[in-house]
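Q: Using the hints provided, position chain H relative to the given structure of chain F.
Chain order of the listed sequences is F and H. All residue numbers for the first sequence refer to this note's numbering, where the first residue is 8 and numbers rise by one. All residue numbers for the second sequence refer to this note's numbering, where the first residue is 82 and numbers rise by one.
To be clear, the hints were calculated from the coordinates, so they are not data collected in a lab. Model, not experiment: these values are computed from the prediction. Built from N, CA and C at the ideal position, the CB exists for glycine as well. One should not assume that every hint holds.
To be verified - Estimated spans, in silico, between C-beta atoms of each pair:
| hint | chain 1 | residue 1 | chain 2 | residue 2 | range |
| --- | --- | --- | --- | --- | --- |
| 1 | H | Ser113 | F | Lys220 | 28 to 34 angstroms |
| 2 | F | Lys68 | H | Asp330 | 49 to 55 angstroms |
| 3 | F | Ile168 | H | Asp583 | 44 to 50 angstroms |
Unchecked claim - Here are the simulated BS3-like cross-link-like pairs (lysine-lysine), alpha carbons at most 30 angstroms apart as the crow flies:
| hint | chain 1 | residue 1 | chain 2 | residue 2 |
| --- | --- | --- | --- | --- |
| 4 | H | Lys435 | F | Lys200 |
| 5 | H | Lys116 | H | Lys210 |
| 6 | H | Lys206 | F | Lys200 |
| 7 | F | Lys119 | F | Lys68 |
| 8 | F | Lys63 | H | Lys646 |
| 9 | H | Lys445 | H | Lys435 |
| 10 | H | Lys210 | F | Lys223 |
| 11 | H | Lys575 | F | Lys62 |
| 12 | F | Lys62 | F | Lys100 |
| 13 | H | Lys371 | H | Lys545 |
| 14 | F | Lys200 | H | Lys371 |
| 15 | H | Lys329 | F | Lys260 |
| 16 | H | Lys174 | H | Lys208 |
| 17 | F | Lys63 | H | Lys85 |
| 18 | H | Lys172 | H | Lys435 |
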Amino acid sequence: MTQSSLKDIFVLIKQVPDQSAKAGINPDGTIDRAKAKRMLNPFDRYALQAALHTKKHYGGKVTAITMGPPAALEIILEALEHGVDCGYILSDKRLAASDTLATAYALHKVIKYIGHFDLIFCGLQTTDGDTAQVGPQIAERLSLPQTTYCEDFRIEENKVIAKRVVEGGYEWVKMEIPALITVANSYHHLEYKSFRGARMVQHLLRNEEEKNKYIKTITLDTIGAEPAKCGLRGSPTIVARTDKVSEIGGSCKIHQGASQEQLVSEIIQSTNIKEFLKL
Amino acid sequence: MLDKIEYDLILVGGGPSCFALAHHLMDLASKSNIKFSMAIIEKSKEFGSHVVSGAVSNLRVIEKLFPDYKSSEFPIEGICTASWFSVLGNKEKWDVPAFLLPNGLKKEGSAILSLSHVVYWMYNKLKEKASKNPNVVIDFFPGFSVHKILFEGNEVIGVQVTEGSNDNGNEPDSNVYAKVTCFGDKGFISRDIIEKFNLRENPQIWSVGVKEVWQLSPEKDYAGKVWHTMGYPLVDGSFGGGFIYGMKDNKLTIGMVISLDSENPNINPQQRLQDYKKHPWIQDMIKDGKMLKYGAAVLPEGGYFSLPKKFAVPGAMLLGDALGVLDIERLSGIDKGMESGYQAAEVLHEAFVKNDFSEVHFLKYKEKVMNSFIGKELKHGRYFRYAWQENPRLLNKYLPEVMDYVDNSNPYFGLFMIPLVTNPIIAIYDAIRLKYLMDGYDIGKIKYTLDYQHIVPNFKQERKLETNNYIKESVYSRPDAVFFAKTKYHEGNKHIDEFDSDVCVKCIADYDELGKDTPCVSDCTAEVHRIDITSGIRIHGMSLENCVQCRTCEIVCPEVNLRVKPTSCGSGPDYMGL
Chain F
8 MTQSSLKDIF VLIKQVPDQS AKAGINPDGT IDRAKAKRML NPFDRYALQA ALHTKKHYGG
68 KVTAITMGPP AALEIILEAL EHGVDCGYIL SDKRLAASDT LATAYALHKV IKYIGHFDLI
128 FCGLQTTDGD TAQVGPQIAE RLSLPQTTYC EDFRIEENKV IAKRVVEGGY EWVKMEIPAL
188 ITVANSYHHL EYKSFRGARM VQHLLRNEEE KNKYIKTITL DTIGAEPAKC GLRGSPTIVA
248 RTDKVSEIGG SCKIHQGASQ EQLVSEIIQS TNIKEFLKL
Chain H
82 MLDKIEYDLI LVGGGPSCFA LAHHLMDLAS KSNIKFSMAI IEKSKEFGSH VVSGAVSNLR
142 VIEKLFPDYK SSEFPIEGIC TASWFSVLGN KEKWDVPAFL LPNGLKKEGS AILSLSHVVY
202 WMYNKLKEKA SKNPNVVIDF FPGFSVHKIL FEGNEVIGVQ VTEGSNDNGN EPDSNVYAKV
262 TCFGDKGFIS RDIIEKFNLR ENPQIWSVGV KEVWQLSPEK DYAGKVWHTM GYPLVDGSFG
322 GGFIYGMKDN KLTIGMVISL DSENPNINPQ QRLQDYKKHP WIQDMIKDGK MLKYGAAVLP
382 EGGYFSLPKK FAVPGAMLLG DALGVLDIER LSGIDKGMES GYQAAEVLHE AFVKNDFSEV
442 HFLKYKEKVM NSFIGKELKH GRYFRYAWQE NPRLLNKYLP EVMDYVDNSN PYFGLFMIPL
502 VTNPIIAIYD AIRLKYLMDG YDIGKIKYTL DYQHIVPNFK QERKLETNNY IKESVYSRPD
562 AVFFAKTKYH EGNKHIDEFD SDVCVKCIAD YDELGKDTPC VSDCTAEVHR IDITSGIRIH
622 GMSLENCVQC RTCEIVCPEV NLRVKPTSCG SGPDYMGL
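Just chain F, same shape as in the assembly (with noise of 0.2 angstroms):
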């Protein structure tokens, strides 16, 4: 079945505040991650779903690598149920605040520390910074060929075939490997967790020794990261200013107990749905 045989999977996953809940925003403008309720970046779980396919057809152990504060590791865990192998998770006080650079900056530091790999799958970008920066960007520190945005990718003598998508239509990319695939959201979706998955957690929580043989806590004197390049001082952007919108969500109001003609005309009283039938 398989034409080509894998050895190293990474993929890169972040927890982001829980979108469903209300985020803690520090005077400064950033996001308070401690207050906020947390998450797996939605947009990488079609990353981690590329990641497990990959292993799945052709091979593999997959990595999963976040950077972030020591709650990180619920996301590690999350990935393990889901069929990921073993997690590394960069935490170090000095990284707050690291915008794209410093964050990428960073990243392929860890992922020079770990080793060898075949290829390395982000998400698309982030909910929490939509910037959809750091996977080109750790592509070019490593001097890698990537592709973004992919939907759908096989691998042939050695070689990423991948499908992209475009404005208007697809695009299809070779690629030699090792690569770097940023993997978009028209991907499949990912698989519910597996009982073998959730057994093994269980069992890492029980035993410290254990899980430390899986999950790894990095540092960035670990990965023998500059830290002059990381956190804010290594970071360029500056937030000038965080301005609300608007708030999500209100009060919602049910109708019920009439007819159905009155309960849609209620609603149309209710709403400024008149103004767009005029228009």
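A: This is chain H only, laid out in the frame that chain F set:
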């Protein structure tokens, strides 16, 4: 090559019976220092979120399992300080005097619970216990459901968690093996054991319970008050009634339980609950309140005579609702479900200590259950349900007449008058016979028939239901109710099988001719079943994303053409707080 997933014990279903088993087994194991591993598999996303119950319960098993429960944040809604059994007329309410009531209906001293919270609490307590005992491994699997029981010859060797086969047509990588598998489900899965070993001489008979929790206006406080009612709005001869439990923080439980052995093919339990709420007495309670949650579930009502021949087969044990220990005489089952787990734990512990997993050893389980309060109380109430089934006059004739007296004159006068104006000999005979059966005098074995076999398609309801003025916002349509069950499903969900679509087309045509809905459409508690029209033919369709997984459709389907399976991916309603 992946390793085989193996445990000493699998518990199927994270409900009160399985958690009682796990707790007692842990307590015994911490004394005897035995080592074992256990997996608890539950289809809902969180432990407790598929659990819906009344619930007024005797805490006798909780007291045994957790002597310190009062000081360890046990979630309790209140202790019943006053209870009534009432007959509702269309407008009035009559509280039946205590001396006329069987003791089982007097609930003073019992606890008012939200069972979902109790289950979640038991889960957290178990996690705590497990972290203190290094000899025992407990893995919790909420969000996973068992789809198949694995047999080897006549032995249960484990369960399969993922549905279907993988890409290569191989068995999926989710077979979980165990020395013993315990089933505490409502029969979604354990029915395969019942069928394979032909364990039920009498079929299980079912009722469906629908329940709402309301937040009342701040000046209304019914905490500790418990009502069970008969009469309005069930005027079609169906066995059942309503219940109102006052909870703390000005909350109120309003529910109905309706037996599915009704002749009426169109019970529509959720709408009957809305009718119930239209009673002036209840309208007054819920005025200015708001509905918080809605849920539905089926209840095994057969009791003593529906108990399986064996409570354990090689490699498997049945607990709680899988066994069918609900006590209709006391309108309770939680304590008995927990007790079955408690007794199972003792038998299992002995099996682990002696390393004896023989069929003979597990015979003790039935013996222990039948010698416990479960066996004794179920035996006493063994004809309680049957008494109403064997004599349709009780619900078709006398009850409506009592309702009239409740509304129009004096119910005591009615009790005296009804025999006179009907046939005194028959009426007095009926009363004595009812009392005789409810008191447990022996009339030998009885035979139940399956619920759907009672359905009379051209059933005519003689008595019209008269409803009063009510606040329009206090009643909800069925689709609106689904919103309050907070259902959430994964993409591609298909958890109800329809075996033969032609059978459904024929059934729909038959009921169309009678001007009625099919039982699946009308009795669904969550607007799942519907009629679609394709090229002029009326066919059966399902909106599975609405399903609250009560299983009523399967039970009432006159053609036995539906099968409700457990959902996967943690899908379904969210009953936390019910």
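Q: So, for every hint listed, does it hold in this structure?
A: Structure-based check of each hint:
no.: 1; hint: H:Ser113 with F:Lys220: 28 to 34 angstroms; in the structure: holds, 32 angstroms
no.: 2; hint: F:Lys68 with H:Asp330: 49 to 55 angstroms; in the structure: holds, 52 angstroms
no.: 3; hint: F:Ile168 with H:Asp583: 44 to 50 angstroms; in the structure: holds, 47 angstroms
no.: 4; hint: H:Lys435 with F:Lys200; in the structure: violated, 37 angstroms
no.: 5; hint: H:Lys116 with H:Lys210; in the structure: holds, 14 angstroms
no.: 6; hint: H:Lys206 with F:Lys200; in the structure: holds, 25 angstroms
no.: 7; hint: F:Lys119 with F:Lys68; in the structure: holds, 17 angstroms
no.: 8; hint: F:Lys63 with H:Lys646; in the structure: holds, 29 angstroms
no.: 9; hint: H:Lys445 with H:Lys435; in the structure: holds, 14 angstroms
no.: 10; hint: H:Lys210 with F:Lys223; in the structure: holds, 29 angstroms
no.: 11; hint: H:Lys575 with F:Lys62; in the structure: holds, 28 angstroms
no.: 12; hint: F:Lys62 with F:Lys100; in the structure: violated, 33 angstroms
no.: 13; hint: H:Lys371 with H:Lys545; in the structure: holds, 29 angstroms
no.: 14; hint: F:Lys200 with H:Lys371; in the structure: violated, 37 angstroms
no.: 15; hint: H:Lys329 with F:Lys260; in the structure: holds, 27 angstroms
no.: 16; hint: H:Lys174 with H:Lys208; in the structure: violated, 47 angstroms
no.: 17; hint: F:Lys63 with H:Lys85; in the structure: holds, 19 angstroms
no.: 18; hint: H:Lys172 with H:Lys435; in the structure: violated, 63 angstroms
Violated hints, listed in ascending order, are 4, 12, 14, 16, 18; each of the other numbered hints is respected by the structure.
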